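Peer 1: Residue numbers (full-length UniProt numbering), protein chains in the order written: chain U, 1 to 386; chain W, 1 to 386.
These are calculated hints, taken from the structure and not from any lab test. Hints should not be assumed to be uniformly reliable.
To be verified - Using 20 Å as the maximum straight-line C-alpha spacing, the simulated SDA-like pairs for lysine to any residue come out as follows:
id: 1; chain 1: U; residue 1: Lys351; chain 2: W; residue 2: Gly363
id: 2; chain 1: W; residue 1: Lys312; chain 2: U; residue 2: Val288
id: 3; chain 1: U; residue 1: Lys312; chain 2: W; residue 2: Asp306
id: 4; chain 1: W; residue 1: Lys312; chain 2: U; residue 2: Ala311
id: 5; chain 1: U; residue 1: Lys312; chain 2: W; residue 2: Arg266
id: 6; chain 1: U; residue 1: Lys312; chain 2: W; residue 2: Gly363
id: 7; chain 1: W; residue 1: Lys348; chain 2: U; residue 2: Pro4
To be verified - Partner residues aside, some chain W positions facing chain U, computed with beta carbon under 8 Å:
id: 8; residue: Arg28
id: 9; residue: Ala41
id: 10; residue: Val43
id: 11; residue: Val44
id: 12; residue: Val47
id: 13; residue: Val48
id: 14; residue: Ile49
id: 15; residue: Thr141
id: 16; residue: Gly145
id: 17; residue: Leu302
id: 18; residue: Pro303
id: 19; residue: Tyr328
id: 20; residue: Leu332
What the hints assert, rightly or not - To be clear about the criterion: a stretch of chain W counts as covered by chain U if any three or more of its residues have a C-beta under 8 Å from a C-beta of chain U, and this derived list gives those stretches:
id: 21; region: 89–102
id: 22; region: 180–189
id: 23; region: 222–229
id: 24; region: 283–297
Small disclaimer: the values here were computed from a predicted structure and weren't measured. Each residue gets a CB set at the ideal place from its N, CA and C atoms; glycine is no exception.
2 protein chains.
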Amino acid sequence: MTFPVVGMVGGGQLARMTHEAGIPLGIRFKLLSDTPQDSAAQVVSDVVIGDYRDLDTLRDFARGCDVITFDHEHVPTEHLRALEADGIPVRPGPDALVHAQDKGVMRAKLDDLGVPCPRHRIVKDPADVVAFAAEGAPEGTEGDGFPVILKTVRGGYDGKGVWVVRSAADAAEPFRAGVPVLAEEMVDFARELAANVVRSPHGQAVAYPVVESRQVDGVCDTVIAPAPDLSDELAGQAQELALRVAQELGVVGHLAVELFETRDGRVLVNELAMRPHNSGHWSQDGAVTSQFANHVRAVLDLPLGDPRPRAKWTVMANVLGGDYPDMYTAYLHCMARDPQLKIHMYGKDVKPGRKVGHVNTYGDDLDEVLDRARHAAGYLRGTITE
Amino acid sequence: MTFPVVGMVGGGQLARMTHEAGIPLGIRFKLLSDTPQDSAAQVVSDVVIGDYRDLDTLRDFARGCDVITFDHEHVPTEHLRALEADGIPVRPGPDALVHAQDKGVMRAKLDDLGVPCPRHRIVKDPADVVAFAAEGAPEGTEGDGFPVILKTVRGGYDGKGVWVVRSAADAAEPFRAGVPVLAEEMVDFARELAANVVRSPHGQAVAYPVVESRQVDGVCDTVIAPAPDLSDELAGQAQELALRVAQELGVVGHLAVELFETRDGRVLVNELAMRPHNSGHWSQDGAVTSQFANHVRAVLDLPLGDPRPRAKWTVMANVLGGDYPDMYTAYLHCMARDPQLKIHMYGKDVKPGRKVGHVNTYGDDLDEVLDRARHAAGYLRGTITE
Chain U
1 MTFPVVGMVG GGQLARMTHE AGIPLGIRFK LLSDTPQDSA AQVVSDVVIG DYRDLDTLRD
61 FARGCDVITF DHEHVPTEHL RALEADGIPV RPGPDALVHA QDKGVMRAKL DDLGVPCPRH
121 RIVKDPADVV AFAAEGAPEG TEGDGFPVIL KTVRGGYDGK GVWVVRSAAD AAEPFRAGVP
181 VLAEEMVDFA RELAANVVRS PHGQAVAYPV VESRQVDGVC DTVIAPAPDL SDELAGQAQE
241 LALRVAQELG VVGHLAVELF ETRDGRVLVN ELAMRPHNSG HWSQDGAVTS QFANHVRAVL
301 DLPLGDPRPR AKWTVMANVL GGDYPDMYTA YLHCMARDPQ LKIHMYGKDV KPGRKVGHVN
361 TYGDDLDEVL DRARHAAGYL RGTITE
Chain W
1 MTFPVVGMVG GGQLARMTHE AGIPLGIRFK LLSDTPQDSA AQVVSDVVIG DYRDLDTLRD
61 FARGCDVITF DHEHVPTEHL RALEADGIPV RPGPDALVHA QDKGVMRAKL DDLGVPCPRH
121 RIVKDPADVV AFAAEGAPEG TEGDGFPVIL KTVRGGYDGK GVWVVRSAAD AAEPFRAGVP
181 VLAEEMVDFA RELAANVVRS PHGQAVAYPV VESRQVDGVC DTVIAPAPDL SDELAGQAQE
241 LALRVAQELG VVGHLAVELF ETRDGRVLVN ELAMRPHNSG HWSQDGAVTS QFANHVRAVL
301 DLPLGDPRPR AKWTVMANVL GGDYPDMYTA YLHCMARDPQ LKIHMYGKDV KPGRKVGHVN
361 TYGDDLDEVL DRARHAAGYL RGTITE
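Chain U on its own, in the form it takes in the complex (with noise of 0.2 Å):
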């Protein structure tokens, strides 16, 4: 059989989730990971220990793929514009990827596209960060224009390489990295949303339910499916939006919109992810099609699968890491309290604050779905004990 072989760079919990749902697909499976004892390398049989920042290793692995995708965006652009010169194709490709990987290319290009986006600029120093701020101070006031957001263009995530700064004093660290600095506003917000889109190189697309995500400490905590109380037209307009930025920017694969509704009713795009998402998870038990799966049928250029959902509300919990190390007592007493508790463990040692895994709730009772969800992964977390 001519079943291809994907090769994904990354061996965290995205490629964990993506060599599970390429299983039944019948596909082979290919990983190049940092450790043996990564989250996927514990499950895929076919894995390449090395450094994906190594050119030379990411060739090798390249070798025998049909082609290559990513469990990060953090693949310098010239390595993956090597390994399309040697005929490899790369999905995304670094032409749509550099987007995910700079916040500052982002910006310019969805300005350039018309999307709506937070104010923003790049901003050389904290005295530029005072005079980007009193840009947004509200006319004839005498505020200064604080609190802004400061990002480094390159390298965060879930809310590191980013900075809430009150102050000029404030806004020395971003800078100390010596990484280009993005200013933007920061959104009175309602709610963060996220719009889920799947992309092929032929260009069929599908578009997921929006959904609301909600964030405690920078992390995203809860994902409901779909979004509640959102107008048919703002949830439209949302994935309307994903689908002309994944089409834009030639996105091949997953493409993850984290969005901010705003009080007055719009939205702004707030970061761009190029692979499964966490806001996605729910899709796992909530959607015809997972995200994972689409991906991998995106990236081989099948036809995708359908993204609509299979119960009327689905919950989605990140389950971080507590103070107390082993989690199957308490992982145990979620099965025997609730039989219909979807779990999904990444096989990751507990440490406080780390993402572990999640668990997916379903049904038709919104209260009933969230509070069955925030439950087992605050119990697995051990802030709930009863």
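With the hints as your guide, set chain W onto chain U.
Peer 2: Chain W alone, transformed into the frame defined by chain U:
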């Protein structure tokens, strides 16, 4: 974390799908496979290549496993006892498993329990078969009681090791292997059903909806969940029967009880399988918890998951190999035709008549759900070309 290691003996598709189901559970999965090309060996990280008939190989494999379970029933009973004597939990254990290994032992035990079975007897030669057949001839007729079914008590599957015998001359062949032969009446059944249950060591058990299984040439073709037009009473009887067999035989893990539904509305036990089973594949996409996930939970003595269906109707159709060795183009076509189709490929080389995968479909309209599954399976095999 103390997440345990499940060792599975046998590298077939059942092990492949059990590994898939174990990934979200966070357990470690270890495989003993005949070759690195076996279906499961392609997708599991921790694979030992070896012969399950060799006790030393089994012992080496079992070291570091928290429990041993099986993709097939062929491990010699004395080896299982040796592993248990070494202190390794074997689930299902040898005392249970022998009933799935030896049809003679199974029939004797079910007789003891008063579980309804086809009329049967161990026969010693063709003359004995003639006598057995005659005992079943309707009183006062001149019929000879043929046809009858002959089965070798060990080693048969998918119609192999099973003969429909119409005369004394026909009856020579089954005795050639030198294995004891079981004669059974040929039941004039209305249809075949399967009652699938899962039982854990501490005695928790769950019952899946009773399904209808349709065979073509002795091989399972389609499974419909739940069995259409089955009375609640007979469905309940079948589930109770399976739960009782699981308990009385001390089964741990998934138990498939293949049943004949007679034309006068009774159920008779045809076969037992103590592992995930083809008649339960629908549960991957059609039930809250799949048979594979529940098998893993059971062998680890974890609380079992909800076995209830997620859709009104789910249909599984086996994909058999056809004349054309490359299925990929047909596979792509099936995905394009039906974005809701759930394809499960086993990574096996296509050979005519070989099970190389299955498809699941679900929905509210049984005719439509059946058509979609049959079309996809037929198209993949090459018997439907449009």
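Peer 1: Does each hint hold? Answer for all of them.
Peer 2: Hint check:
1. Restraint check for Lys351/U and Gly363/W: the C-alpha separation of about 43 Å exceeds 20 Å, so the hint is violated.
2. For the proposed pair Lys312/W and Val288/U, the alpha carbon gap of about 15 Å is at most 20 Å, so the pair holds.
3. Under the criterion of a C-alpha separation no larger than 20 Å, the hint pairing Lys312/U with Asp306/W is consistent with the structure, at around 19 Å.
4. Taking the CA atoms of Lys312/W and Ala311/U, the gap is about 13 Å. The hint holds against a cut of 20 Å.
5. In summary, the hint linking Lys312/U to Arg266/W is not supported, as the alpha carbons are separated by about 39 Å, beyond the 20 Å threshold.
6. For the given pair, Lys312/U sits about 15 Å from Gly363/W by alpha-carbon distance, which is consistent with the 20 Å threshold.
7. Proposed proximity of Lys348/W and Pro4/U is supported: the alpha carbons are some 13 Å apart, at most 20 Å.
8. The closest approach between the C-beta of Arg28/W and any C-beta of chain U is roughly 7 Å, which is under the 8 Å cut-off, so the hint is satisfied.
9. Contact between Ala41/W and chain U, as hinted, is supported at the beta carbon level, the nearest pair being about 7 Å apart and thus within 8 Å.
10. For Val43/W, the suggested interface contact is upheld, since its CB lies about 5 Å from the closest CB of chain U, less than 8 Å.
11. This hint holds: Val44/W has a C-beta 6 Å from the nearest C-beta of chain U, less than the 8 Å allowed.
12. Annotation: Val47/W was flagged as interfacial toward chain U, and the flag holds, the nearest CB pair being 7 Å apart, inside 8 Å.
13. Below 8 Å, beta-carbon pairs count as interface contacts, and Val48/W has none with chain U, the closest being about 13 Å; its hint is therefore violated.
14. The beta carbon of Ile49/W is not positioned within 8 Å of any beta carbon in chain U (closest approach about 12 Å), and the interface hint is therefore violated.
15. Hint status for Thr141/W: violated, given a least beta-carbon distance of 52 Å to chain U, over 8 Å.
16. Interface restraint check for Gly145/W: the shortest CB-CB distance to chain U comes to about 46 Å, outside 8 Å, so the restraint is violated.
17. Taken as an interface hint, Leu302/W checks out: its beta carbon lies about 6 Å from the nearest beta carbon of chain U, inside 8 Å.
18. Among the interface hints, the one on Pro303/W holds; its C-beta lies about 4 Å from the nearest C-beta in chain U, closer than the 8 Å criterion.
19. With its C-beta approaching chain U no nearer than about 5 Å, Tyr328/W sits inside the 8 Å limit, and its interface hint holds.
20. Interface hint status for Leu332/W: upheld, as the beta-carbon distance to the closest one in chain U is roughly 6 Å, under 8 Å.
21. Here the region 89–102 of chain W counts 0 residues with a CB under 8 Å from a CB of chain U, which misses the bar of 3, and the coverage is violated.
22. For the region 180–189 of chain W, the stated coverage by chain U is not satisfied: 0 residues place a CB nearer than 8 Å to a CB of that chain, which falls below the threshold of 3.
23. Coverage of the region 222–229 of chain W by chain U is violated in this model, with 0 residues showing a Cβ closer than 8 Å to a Cβ of that chain against a need of three.
24. Restraint check on the region 283–297 of chain W versus chain U: 4 residues with Cβ-Cβ distances below 8 Å, three needed, restraint holds.
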